[in-house]
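With the hints as extra help, turn the sequences into a complete structure.
There are 2 protein chains.
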Amino acid sequence: MYRSHTCGELRHAHINQTVTLAGWVQKVRDKGFMIWIDLRDRYGITQLILDEERTPKAVFDLAKTLGREFVIQVEGTVIERESKNKNIPTGDIEIMVSGLTVLNSADLPPFTIEDQTDGGEDLRMKYRYLDIRRNPVKDKLMFRHRVAMEVRNYLSQQGFIEVETPYLIKSTPEGARDFVVPSRMNEGQFYALPQSPQTFKQLLMVGGMDRYFQIVKCFRDEDLRADRQPEFTQIDCEMTFVEQEDILNIFEALTKHLLKTIKGVEVDNFPRISYAEAMQKYGNDKPDIRFGMEFGELNTLAKGKGFNVFDAQELIVGIAVPGAAEYTRKQIDALIDWVKRPQIGANGLVWVKYNTDGSFKSSVDKFYNSDDLFAWAEATGSKPGDLILVMAGDAHKTRTQLSTVRMEMAERLGLRKPEEFAPLWVVDFPLLEWDEETQRYHAMHHPFTSPKPEDIPLLETDPGNARANAYDLVLNGNEIGGGSIRIHNSELQSKMFKLLGFTHEQAEAQFGFLMNAFKYGAPPHAGIAFGFDRLVAILGGQESIRDFIAFPKNNSGRDVMINAPAPIDDEQLEELKLKLNL
Amino acid sequence: MYRSHTCGELRHAHINQTVTLAGWVQKVRDKGFMIWIDLRDRYGITQLILDEERTPKAVFDLAKTLGREFVIQVEGTVIERESKNKNIPTGDIEIMVSGLTVLNSADLPPFTIEDQTDGGEDLRMKYRYLDIRRNPVKDKLMFRHRVAMEVRNYLSQQGFIEVETPYLIKSTPEGARDFVVPSRMNEGQFYALPQSPQTFKQLLMVGGMDRYFQIVKCFRDEDLRADRQPEFTQIDCEMTFVEQEDILNIFEALTKHLLKTIKGVEVDNFPRISYAEAMQKYGNDKPDIRFGMEFGELNTLAKGKGFNVFDAQELIVGIAVPGAAEYTRKQIDALIDWVKRPQIGANGLVWVKYNTDGSFKSSVDKFYNSDDLFAWAEATGSKPGDLILVMAGDAHKTRTQLSTVRMEMAERLGLRKPEEFAPLWVVDFPLLEWDEETQRYHAMHHPFTSPKPEDIPLLETDPGNARANAYDLVLNGNEIGGGSIRIHNSELQSKMFKLLGFTHEQAEAQFGFLMNAFKYGAPPHAGIAFGFDRLVAILGGQESIRDFIAFPKNNSGRDVMINAPAPIDDEQLEELKLKLNL
Numbered sequence: 233m234y235r236s237h238t239c240g241e242l243r244h245a246h247i248n249q250t251v252t253l254a255g256w257v258q259k260v261r262d263k264g265f266m267i268w269i270d271l272r273d274r275y276g277i278t279q280l281i282l283d284e285e286r287t288p289k290a291v292f293d294l295a296k297t298l299g300r301e302f303v304i305q306v307e308g309t310v311i312e313r314e315s316k317n318k319n320i321p322t323g324d325i326e327i328m329v330s331g332l333t334v335l336n337s338a339d340l341p342p343f344t345i346e347d348q349t350d351g352g353e354d355l356r357m358k359y360r361y362l363d364i365r366r367n368p369v370k371d372k373l374m375f376r377h378r379v380a381m382e383v384r385n386y387l388s389q390q391g392f393i394e395v396e397t398p399y400l401i402k403s404t405p406e407g408a409r410d411f412v413v414p415s416r417m418n419e420g421q422f423y424a425l426p427q428s429p430q431t432f433k434q435l436l437m438v439g440g441m442d443r444y445f446q447i448v449k450c451f452r453d454e455d456l457r458a459d460r461q462p463e464f465t466q467i468d469c470e471m472t473f474v475e476q477e478d479i480l481n482i483f484e485a486l487t488k489h490l491l492k493t494i495k496g497v498e499v500d501n502f503p504r505i506s507y508a509e510a511m512q513k514y515g516n517d518k519p520d521i522r523f524g525m526e527f528g529e530l531n532t533l534a535k536g537k538g539f540n541v542f543d544a545q546e547l548i549v550g551i552a553v554p555g556a557a558e559y560t561r562k563q564i565d566a567l568i569d570w571v572k573r574p575q576i577g578a579n580g581l582v583w584v585k586y587n588t589d590g591s592f593k594s595s596v597d598k599f600y601n602s603d604d605l606f607a608w609a610e611a612t613g614s615k616p617g618d619l620i621l622v623m624a625g626d627a628h629k630t631r632t633q634l635s636t637v638r639m640e641m642a643e644r645l646g647l648r649k650p651e652e653f654a655p656l657w658v659v660d661f662p663l664l665e666w667d668e669e670t671q672r673y674h675a676m677h678h679p680f681t682s683p684k685p686e687d688i689p690l691l692e693t694d695p696g697n698a699r700a701n702a703y704d705l706v707l708n709g710n711e712i713g714g715g716s717i718r719i720h721n722s723e724l725q726s727k728m729f730k731l732l733g734f735t736h737e738q739a740e741a742q743f744g745f746l747m748n749a750f751k752y753g754a755p756p757h758a759g760i761a762f763g764f765d766r767l768v769a770i771l772g773g774q775e776s777i778r779d780f781i782a783f784p785k786n787n788s789g790r791d792v793m794i795n796a797p798a799p800i801d802d803e804q805l806e807e808l809k810l811k812l813n814l
Numbered sequence: 233m234y235r236s237h238t239c240g241e242l243r244h245a246h247i248n249q250t251v252t253l254a255g256w257v258q259k260v261r262d263k264g265f266m267i268w269i270d271l272r273d274r275y276g277i278t279q280l281i282l283d284e285e286r287t288p289k290a291v292f293d294l295a296k297t298l299g300r301e302f303v304i305q306v307e308g309t310v311i312e313r314e315s316k317n318k319n320i321p322t323g324d325i326e327i328m329v330s331g332l333t334v335l336n337s338a339d340l341p342p343f344t345i346e347d348q349t350d351g352g353e354d355l356r357m358k359y360r361y362l363d364i365r366r367n368p369v370k371d372k373l374m375f376r377h378r379v380a381m382e383v384r385n386y387l388s389q390q391g392f393i394e395v396e397t398p399y400l401i402k403s404t405p406e407g408a409r410d411f412v413v414p415s416r417m418n419e420g421q422f423y424a425l426p427q428s429p430q431t432f433k434q435l436l437m438v439g440g441m442d443r444y445f446q447i448v449k450c451f452r453d454e455d456l457r458a459d460r461q462p463e464f465t466q467i468d469c470e471m472t473f474v475e476q477e478d479i480l481n482i483f484e485a486l487t488k489h490l491l492k493t494i495k496g497v498e499v500d501n502f503p504r505i506s507y508a509e510a511m512q513k514y515g516n517d518k519p520d521i522r523f524g525m526e527f528g529e530l531n532t533l534a535k536g537k538g539f540n541v542f543d544a545q546e547l548i549v550g551i552a553v554p555g556a557a558e559y560t561r562k563q564i565d566a567l568i569d570w571v572k573r574p575q576i577g578a579n580g581l582v583w584v585k586y587n588t589d590g591s592f593k594s595s596v597d598k599f600y601n602s603d604d605l606f607a608w609a610e611a612t613g614s615k616p617g618d619l620i621l622v623m624a625g626d627a628h629k630t631r632t633q634l635s636t637v638r639m640e641m642a643e644r645l646g647l648r649k650p651e652e653f654a655p656l657w658v659v660d661f662p663l664l665e666w667d668e669e670t671q672r673y674h675a676m677h678h679p680f681t682s683p684k685p686e687d688i689p690l691l692e693t694d695p696g697n698a699r700a701n702a703y704d705l706v707l708n709g710n711e712i713g714g715g716s717i718r719i720h721n722s723e724l725q726s727k728m729f730k731l732l733g734f735t736h737e738q739a740e741a742q743f744g745f746l747m748n749a750f751k752y753g754a755p756p757h758a759g760i761a762f763g764f765d766r767l768v769a770i771l772g773g774q775e776s777i778r779d780f781i782a783f784p785k786n787n788s789g790r791d792v793m794i795n796a797p798a799p800i801d802d803e804q805l806e807e808l809k810l811k812l813n814l
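Chains as they are written, first to last, in the numbering used here: chain A, 233 to 814; chain B, 233 to 814.
Don't read these hints as lab results, they were simulated from the structure.
Bear in mind that the values here come from a model prediction, so they are computed numbers and not experimental data.
Even glycine gets a Cβ: it sits at the ideal position worked out from N, Cα and C.
Honestly, I wouldn't trust all of these hints.
Said to hold, decoys possible - Some chain A residues near chain B, calculated using beta-carbon distances under 10 Å: (1) W256; (2) K259; (3) S403; (4) D442; (5) H720; (6) F729.
To be verified - With the Cβ distance kept under 10 Å, some of the chain B side facing chain A (calculated, not the full set): (7) I364; (8) L373; (9) S403; (10) D478; (11) P554; (12) E558; (13) N710; (14) P799.
Below, the structure is given as structure tokens:
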């Protein structure tokens with residue numbers, strides 16, 4: 233060992249002990265006759281002191297040559313500090329250095345290794361190994377580890393078995409977003425990297441594994457949006473002989489356990505709302521319920537009052553923004569411009585100030601009197617001092633737009649508190665989505681998702697209204713998990729494939745292999761998958777997942793540190809029996 | 233829930249309770265007026281009983297239609313069995329069935345779902361989801377999970393942080409065995425799947441992570457030998473500010489912890505022997521030391537006695553096979569034929585029977601008298617009743633051949649006991665290997681492995697004899713882990729590259745990115761990686777890793793269950809800007 237203690241370990245009780253420390257030079261304060269050095273490692277910072285009188289000359293002179301991020305080893309005696317530092321656990325002591333070895337020198341780092349760095353995102357990513365030395369990044373990686381350990385130990389105690397499923401699997405004809413891997417030993421053939429271990433976990437259930445989980449990397453070669461990664465981590469789970477209620481209870485308990493052990497937060501039983509209710513109340517199937525601002529529908533109140541713009545619309549819907557009646561005209565105009573941007577694409581925004589004195593002032597005063605507006609206030613749950621924002625148009629589109637406004641206003645008002653946690657289940661998702669382009673139904677979750685038993689007759693008569701036994705776990709406005717009861721009855725499965733427009737042959741070709749497994753005694757089963765990167769970020773009180781990933785890729789899917797992807801040798805292509813076709 | 237209890241749960245104490253069970257029909261014994269069913273799930277087997285008198289007729293009739301592997305749910309009352317079955321934990325009770333639901337039917341499985349199955353390897357792999365229902369496979373997967381949990385919890389408690397390193401990395405020019413992954417978003421460019429997270433874990437040390445581990449999949453596109461997999465799992469570890477002694481102690485403690493908690497076996501401190509000693513004593517750098525049969529060198533004893541065959545050889549070396557003096561002439565001849573097979577390629581085998589009466593009988597009686605042979609017996613540690621086997625030739629080749637004989641004889645004599653564990657460290661590996669083909673040195677471990685400090689001068693004068701700070705952990709004749717102290721000094725690193733025949737430019741091109749990181753304060757660091765599949769198999773008392781992997785690939789790298797790899801669509805190739813070049 234290069235050290236007797238870490239840089240986060242020494243306390244008052246160690247005074248007078250001789251110790252050896254090793255670490256990085258965080259800071260040197262050279263007063264000429266006296267030198268202070270902050271020595272840093274993963275565990276903390278310890279102050280070193282050298283002075284002309286007490287420190288051997290060779291050591292003192294060597295210390296003068298140290299620069300930031302040099303790696304050194306020091307021997308010395310723990311002494312009491314004259315001026316204590318209450319901000320760090322080692323702040324009571326310092327080390328009077330008697331010996332110093334430079335283990336490695338360091339070029340000047342391209343950005344400061346401080347909690348607040350002067351390095352921009354690009355530079356930090358290029359030198360990620362230096363970025364990781366900074367507490368905010370290091371702490372997030374350690375936090376991620378802690379969450380993973382809690383998840384594993386909890387599920388393991390509940391009888392779940394972590395089974396490693398293969399990474400080199402098979403591309404499906406629908407797997408347009410599969411990463412493929414040419415096989416050298418099987419010329420002209422390819423593996424695919426899994427977008428999820430879905431098939432394998434279902435096969436494990438057919439295999440009687442009963443309770444499976446895995447914290448596992450998944451891959452998707454899609455155009456990346458901000459905060460998506462081509463490789464991402466899931467907590468993947470599947471269970472046998474369970475109904476939806478069981479799954480919800482078990483994974484609600486896991487989530488509560490994490491909130492309690494990781495964050496010290498106890499939460500009540502999670503609310504459960506249907507997809508339909510979520511859309512109606514929040515315009516969003518992953519509502520943030522840390523705050524109110526529930527939608528109030530104004531169709532009956534706002535139509536037929538001479539305001540033609542509203543009369544023609546399918547839906548008129550508003551929210552009460554708490555305490556925002558103070559908004560100036562300029563602020564409101566800016567907000568209107570904001571909703572008109574193409575990212576939201578609204579036509580505009582009607583506003584009503586419900587003043588603290590009980591009076592109303594609105595952009596539609598010409599058409600609506602105080603009684604009308606009071607009714608709007610009641611419908612949106614508005615109190616004096618609130619600002620009511622109203623949008624109108626096509627129902628689905630308008631709800632989605634107002635949801636964006638709701639989230640934006642909550643953000644501005646500081647209602648999205650990172651250390652507050654409001655989980656909920658959204659259930660009863662539609663089974664199918666109608667795709668205008670292909671003029672057929674798509675499975676909203678996946679083709680193996682079971683319809684709700686009571687909706688099975690709808691498959692014949694009104695498939696678009698059939699609900700699925702599918703559920704999402706939503707935390708603070710993010711979907712952190714989602715899953716479904718799977719179909720295990722081959723007759724129902726055939727019906728589903730037909731609905732989805734598959735011929736028997738197509739279904740065989742694409743899913744034959746799982747269907748075949750289902751012939752040999754498939755049990756009822758169901759599962760869920762959590763987005764682990766997202767879950768960890770939200771538990772960490774952050775919206776961005778990037779710093780919870782040790783070596784993330786940028787929005788073009790590049791690792792700028794190692795400069796991947798990159799061209800490969802002709803020889804290598806030759807051996808893989810491939811040619812570029814640029 | 234489809235059940236109130238699992239099929240492994242009910243005991244005498246549950247008698248008279250009404251329960252619901254769900255599971256697979258293992259066996260039906262239909263006596264006409266009475267039916268017994270063995271119901272199976274992951275947790276065990278429970279016997280069901282139905283009879284004409286007490287069981288509702290509809291239920292009784294339905295039970296008559298059940299076949300093997302049907303999935304059923306039953307309600308019933310726990311009753312005491314008339315004839316108890318001491319072999320299973322639920323053997324005291326059975327369920328008098330009152331209700332029965334067929335959850336799914338099953339085609340006749342292609343092999344029996346029994347501990348001893350009639351299914352061959354190929355069939356089992358094709359229907360792996362059925363194979364997993366069998367206890368021997370299911371138990372191995374659960375065992376693997378237990379080992380993984382122990383490893384994670386132990387390392388975590390020792391301050392190691394599990395950090396997920398990326399799977400989509402960069403191919404290196406030497407990475408001929410890399411699997412590559414074309415990037416759709418970066419035309420003509422490729423990621424590579426990691427053969428190990430080596431670079432990233434070293435970067436984590438540069439980043440101050442101090443103690444890292446990861447149970448991680450690695451990939452190698454090489455010609456598969458029996459029991460190698462294109463994707464395999466490692467326990468990958470790296471530490472900062474440690475010396476070889478620290479690494480050996482920490483990972484010896486991990487191994488002891490696993491042996492104790494998983495197997496209930498306490499082992500002494502692991503012997504440490506040098507590579508040179510391992511080769512001399514066992515002809516093998518991963519010796520199985522559960523048994524003796526150490527090599528005895530006979531050069532001085534056997535040369536110059538008129539036996540020309542020996543006189544000309546570099547090495548004459550023998551082992552004493554305990555109690556094998558009884559071997560018949562026919563058995564010995566078969567053994568000689570066995571060593572002459574091309575897999576071993578020996579010229580022959582000289583044998584000496586050290587009879588229990590103290591007399592000797594050998595294949596070289598013409599040249600050696602009893603005194604000579606007694607001296608051989610002493611040199612090989614032979615006792616009366618042993619068979620001494622002697623080989624001669626080129627030193628390295630002969631040792632390797634005799635090692636194979638040693639292992640074979642141990643196997644035949646039952647000395648390789650699966651439930652006995654004899655770990656050891658092999659240290660002081662050569663730093664370099666001379667490659668005849670390219671006429672240059674190769675790094676035996678990898679180019680970042682540190683030479684032993686005292687051997688650094690040899691790099692100038694006699695590099696072939698320089699030893700590395702590298703170590704292997706060997707368990708029962710298998711290398712289960714290996715690692716090294718890494719170079720962190722860029723001067724020494726340059727010297728290594730020069731030795732390995734790299735120009736400065738080549739070194740930059742291949743390793744520049746890690747070298748660059750080393751400029752910013754690289755600490756001394758070292759690591760180790762365990763082959764997790766192998767470790768689990770050996771702890772499980774098995775030589776083959778295949779059944780410890782849920783969905784293994786065959787020797788051609790194929791998953792015969794899902795039939796991967798497979799051709800992909802032209803459209804998909806087009807999008808990846810690739811053409812086949814068959």
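So, going through the hints one by one against the coordinates:
no.	hint	in the structure
1	W256	6 Å, holds
2	K259	14 Å, violated
3	S403	5 Å, holds
4	D442	4 Å, holds
5	H720	6 Å, holds
6	F729	18 Å, violated
7	I364	3 Å, holds
8	L373	6 Å, holds
9	S403	5 Å, holds
10	D478	5 Å, holds
11	P554	41 Å, violated
12	E558	47 Å, violated
13	N710	20 Å, violated
14	P799	6 Å, holds
Violated hints, in rising order: 2, 6, 11, 12 and 13; the structure is consistent with all others.
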